[in-house]
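Student: Quick note, the sequences are listed as chains A and B, same order. Going by our numbering, the first residue of the first sequence is number 1, and it counts up by one from there. Going by our numbering, the first residue of the second sequence is number 1, and it counts up by one from there.
Worth flagging that the hints you see were computed from the coordinates, not collected in a lab. Every residue, glycine too, gets a C-beta built ideally from N, C-alpha and C. Among the hints, erroneous ones may be present.
[Claimed, not checked] Stretch by stretch, here's where chain A covers chain B in the computed footprint (C-beta under 8 Å, at least three residues):
| # | region |
| --- | --- |
| 1 | 29–37 |
| 2 | 445–457 |
| 3 | 496–509 |
[Claimed, not checked] In silico lysine-lysine, DSSO-like type, Cα no more than 30 Å apart, as pairs:
| # | chain 1 | residue 1 | chain 2 | residue 2 |
| --- | --- | --- | --- | --- |
| 4 | A | K8 | A | K134 |
| 5 | A | K246 | A | K229 |
| 6 | B | K243 | A | K506 |
| 7 | A | K523 | B | K227 |
| 8 | A | K193 | B | K198 |
| 9 | B | K495 | A | K280 |
| 10 | A | K194 | B | K172 |
| 11 | B | K536 | A | K523 |
| 12 | B | K180 | A | K506 |
| 13 | B | K284 | A | K298 |
| 14 | B | K536 | A | K528 |
| 15 | B | K227 | B | K180 |
| 16 | A | K150 | A | K60 |
| 17 | B | K116 | B | K172 |
| 18 | B | K172 | B | K184 |
| 19 | A | K134 | A | K150 |
| 20 | B | K363 | A | K506 |
| 21 | B | K284 | B | K21 |
| 22 | B | K172 | A | K506 |
| 23 | B | K21 | A | K298 |
| 24 | A | K528 | B | K363 |
| 25 | B | K392 | B | K254 |
| 26 | B | K284 | A | K280 |
Each chain is listed here by its residues.
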Amino acid sequence: MEFAELIKTPRVDGVVLRRPFMPTVEGTLCLTGHHLILSSRQDNTEELWLLHANIDSTEKRFVGSLGTIIVKCKDLRVIQLDIPGMEECLNIASSIEALSTLDSVSLMYPFFYRPLFEVIEDGWQSFVPEESFKDLESMTDEWRLSEVNKDFSVCPSYPSLLTVPRDIDDESLCKAASFRHGGRFPVLSYYHKKNGMVIMRAAQPLTGTNGRRCKEDEKLINATLCAGKRGYIIDTRTIAVAQQAKARGGGFEQEANYPQWRRIHKAIERSNVLQDSLIKLVEACNDQSHSMDRWLSKLEASNWQSNVKEILTTACLAAQCIDREGASVLVHGTEGTDSTLQVTSLAQIILDPACRTIRGFEVLIEREWLQAGHPFQQRCAQSAYSNGKLRSEAPVFLLFLDCVWQILRQFPCSFQFNENLLIMLFEHAYASQFGTFLGNCVAERGKLQLSQKTVSLWSWVNRPQELERFLNPLYEPNNLVIWPSVAPQSLLLWEGVFLRWNRSTKCLDEAYQEMVHIIEYNKELQNKVNSLRRQLAQLETEDSPLQTP
Amino acid sequence: MEHIRTPKVEQVKLLDRFSNKSVTGTLHLTATHLIFVESNSTSAQEIWILHHHIASVEKLSLTTSGCPLLIQCRNFRLVHFVIPRERDCHDIYSSLLRLLRPVSYDELYAFSYNPKQNDQQREEGWQLIDLAAEFERMGVPCDQWQLTDVNREYKVCKTYPRDVYVPITASKPIIVGSSKFRSKGRFPVLTYFYQEKKAAVCRCSQPLSGFSARCLEDEHMLQAISKANHNSRYIYVMDTRPKLNALANRAAGKGYENEDNYSNIRFQFVGIENIHVMRGSLQKLLEGVGTRSLSMTDYLVGLENSGWLRHIKAIMDAAIFLAKAVTVEGASVLVHCSDGWDRTAQVCALGSLLMDPYYRTIKGFMVLIEKDWISFGHKFADRCDQLDPDPKEVSPIFTQFLECVWQLTEQFPQAFEFSEWFLIQIHEHVHSCQFGNFLGNSQRQREDLQLKERTYSLWAHLLSENQNYLNPLFSPSFAESHPVLEPSTQAYHFKFWRNMYNQYDRSMHPRQSILKHVLTLQESNRELEGTVQALKTKLQKFGVNTSPLKPQTPPRECSLPPRPQSLILGAPLLSRKEVQQEEDEEVFGEEAREDAPASTGGERTVEGSSATENSYGELMGSFGSKNEPGVVTLEFGVARMTC
Chain A
1 MEFAELIKTP RVDGVVLRRP FMPTVEGTLC LTGHHLILSS RQDNTEELWL LHANIDSTEK
61 RFVGSLGTII VKCKDLRVIQ LDIPGMEECL NIASSIEALS TLDSVSLMYP FFYRPLFEVI
121 EDGWQSFVPE ESFKDLESMT DEWRLSEVNK DFSVCPSYPS LLTVPRDIDD ESLCKAASFR
181 HGGRFPVLSY YHKKNGMVIM RAAQPLTGTN GRRCKEDEKL INATLCAGKR GYIIDTRTIA
241 VAQQAKARGG GFEQEANYPQ WRRIHKAIER SNVLQDSLIK LVEACNDQSH SMDRWLSKLE
301 ASNWQSNVKE ILTTACLAAQ CIDREGASVL VHGTEGTDST LQVTSLAQII LDPACRTIRG
361 FEVLIEREWL QAGHPFQQRC AQSAYSNGKL RSEAPVFLLF LDCVWQILRQ FPCSFQFNEN
421 LLIMLFEHAY ASQFGTFLGN CVAERGKLQL SQKTVSLWSW VNRPQELERF LNPLYEPNNL
481 VIWPSVAPQS LLLWEGVFLR WNRSTKCLDE AYQEMVHIIE YNKELQNKVN SLRRQLAQLE
541 TEDSPLQTP
Chain B
1 MEHIRTPKVE QVKLLDRFSN KSVTGTLHLT ATHLIFVESN STSAQEIWIL HHHIASVEKL
61 SLTTSGCPLL IQCRNFRLVH FVIPRERDCH DIYSSLLRLL RPVSYDELYA FSYNPKQNDQ
121 QREEGWQLID LAAEFERMGV PCDQWQLTDV NREYKVCKTY PRDVYVPITA SKPIIVGSSK
181 FRSKGRFPVL TYFYQEKKAA VCRCSQPLSG FSARCLEDEH MLQAISKANH NSRYIYVMDT
241 RPKLNALANR AAGKGYENED NYSNIRFQFV GIENIHVMRG SLQKLLEGVG TRSLSMTDYL
301 VGLENSGWLR HIKAIMDAAI FLAKAVTVEG ASVLVHCSDG WDRTAQVCAL GSLLMDPYYR
361 TIKGFMVLIE KDWISFGHKF ADRCDQLDPD PKEVSPIFTQ FLECVWQLTE QFPQAFEFSE
421 WFLIQIHEHV HSCQFGNFLG NSQRQREDLQ LKERTYSLWA HLLSENQNYL NPLFSPSFAE
481 SHPVLEPSTQ AYHFKFWRNM YNQYDRSMHP RQSILKHVLT LQESNRELEG TVQALKTKLQ
541 KFGVNTSPLK PQTPPRECSL PPRPQSLILG APLLSRKEVQ QEEDEEVFGE EAREDAPAST
601 GGERTVEGSS ATENSYGELM GSFGSKNEPG VVTLEFGVAR MTC
């Protein structure tokens, strides 16, 4: 298919762009296969380059022959285009509609994007499971890398290499896989160096209504316990939801069959509920009525903050089991690709200082989200302005980022990265020139040949010029476990994402720069003092023979 | 002291408000304080509670472990003691009941507090703020405004200061006539003069208009205010009450200005609720945020139902209206409510702060409070329940003003010389009765009490430790680019002030404070600059010429990374003692302490950095949970900055 077929009017002059808190721009609107471009053709005026993939929905209005298209983006921005001429407007609108909802992945922009920068470190090669396993091997010999899923036949959503208990053979893994939803048998997620406790993750066991059991599954997870020790199973669903799952063949671990484990149920919402929550929250944030009661009640009704609190609480609970109780943890929900990953990845941020560095955080995203098979393409197909006909969209990853932001707010000096990194990840998960977040699992990405045909997000992020934007000037490495507060008073609305386009940030920007300046100046002075001291010491030693006879 | 039945009780348990933790210690009762000293000798935390800070004491029903005593403080501290013997509990309870209700001013702490200053220092402290100088700074007296001696003897208005400023054309008969037509004699007087446009902010109380009464002198008075400003043909009259309230007042012979009787006024209601609504609102707010294991839904519903942020926004909206009228239209504004000492004080003070950068400095903010609150007779004694317990007079009017200022500091992080610690400290002392400034209800009463001779001034105390209250991001040049603050009044810009209303619930606060961190760096920068100079002088003796130190003008090009979308300045308020303790700990490094055996630490300064206190879930310690590790301090101290 040629994009040209979809573009009826490639160019319109005299289009006016309106955005909140920015001057209006008048210029020429151009449509290309992947971008909507508005250029005033004047110096010093910002141009608009908008990826079609970033467009969540559009609305059109007419007053006489002047048409207006409201473009609502997945990054939550809303812009208005005033287009003279009814026909032009209709053409543009239908082209945008068609181009922003292309079905075929291989037509997406990442397959056409050629980087204007030199790729120094190929992000596709940056994170290999073997590397992380080497680290693990240096700490313990209890685990091995299994190739049982080499051809993705045991579990389609898992990567080909998986870390499993040393004493469990591949045959048992296959049997355990057949007992877990989607074949997602328990695998290692995190090893806590301090006490050797581990976090494992899986999907729900397929106990069904008649209480099926699987010896291999029991053996597999028991193999992760030290002699005489017990562990916790954190089921991210309420007991009622878990009970209902039995009717559909799912279920949860029965105490009788897993006597060494204690099960805890939490209440993280399922994806369709979360999507509804996001839509309501963004609707509340865009309400311009200035009424306090209306704002608070809409914020409450969206349930977004409740979701943040519940996810963070569950992650803290998992971390508490590991670090405070000295007990290993198995986390699962239903499919093990959503709430499970939120919990395991957040627990690692709390427990492991390495995850609070930029590199470590990238490794975490790669391992716990991309490799672990979070279906990014399905979940991020639409954002908060999606109307109707939702399939499996859900802001699961955005909620995870929000929780990270909450911890960052409470420990502003303990992260090497700042909020910009989190916002950038949110944007790129929903629309990007890079291939990283395409596909739903490792197997799909392989089929799409992403590593050959597209550029990795990490290739771009890890360039020194880009990294600078994401560095937290307040960072001072902190090797402690960091326990965030989950009291509602401690959890805030993530303004950087949800109010990003609804406020002017000039005063806040300037204040941040002043803070950076104070920090930089301090470093400069320290260096100055050190060099002067050295100089002085040198002179004094040179002089001293003269003074002492 | 005759009211103290039991000066000391041992083996008292102090329960944490939000978790199941408790510590054991000794309770001491002195003439001024209730003191709890933890028994653990290595890290004995002490809690000092001023009797004046106690709002209520409640004896709960006896339990197996003892008799619970619940103490609620005006600074939003809530302590829950369990006293082993009921007899002791009763003694403490009845002593406190007597002690927290002083019957005469002489019993207030301010009259016994002695910071070891001599009379001269005390006097200097009281002279720090000079309102005559403040009016001069605004450019008053001038060709249109003058000082009148009509109230020199407090004869015209008992609750006004002696010195008030009125239009030149307002003769004494007009003033006296107008005062007779105004509630409590509070006639229109100048409170702020916007020199640039010669526009005045005046304040008064409601007119005694009833359904039809009018007063020529009062009409002349408003005319005089209008005439004093050539920039505008009209003046605004802002009635800060909801229209319904004002209407109801008419039945009692009071009310509001009839536009037909006054020439060239533009009358406006702005709808701020009365003291009773505000009192109820704060109570609901505190009930909400004081709940254990509060869910997000209950928190947000509680916040909404309390109406607190709605009231804060209403005050802010009114102040913005005032500032716009004066600075944009150049019109003079007359502000009143019923008596003109609550809502009027809020709106005039906040409006002035929006218009004049001086009030955003530490000294200027003191002047502002002195002017619009203390001198114009905000009834601190009644509103803050200092003496005569009339619960219907108590109301958090001044607290709301402080909060509005805090909301502004969140939107304009560089506009204020002071940080929220300053606001919280002022709030603390408005209720402490430790200093004379806020005692009594009016200037006249303060003179009768001879406060300047018998007590000390808070302002001197705060100025002496002002480095604790500095905002490190304050930029004096901000005032040049933003002489008038124009805050957004979108609802989502108003936030719950956790560091005020949950200030003692430290487990809720960020564990690392950017404010503290940056303040420390800034202090370190000053020291380092000194060190550099000293080293250079030494080097010069060796004949080495060093390049001059780069001036502190930042290279403000785009080399700086862009700012993340939010900035946290919130920080727990620590007593200096606590800060010192944390600094001391800092020296030992963090890792060492993480693994320190539990016995050495107990819980020290870092409430909340532990997993159990946050109550994440129902572990119930079934597998024999381990003790908490010693100390997990994540605060930043000064120690590492020195080189």
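Student: Which of the numbered hints above does this structure break?
Tutor: When the structure is compared with the hints, numbers 1, 2, 4, 6, 7, 8, 10, 12, 16, 17, 22, 23, 24 turn out to be violated.
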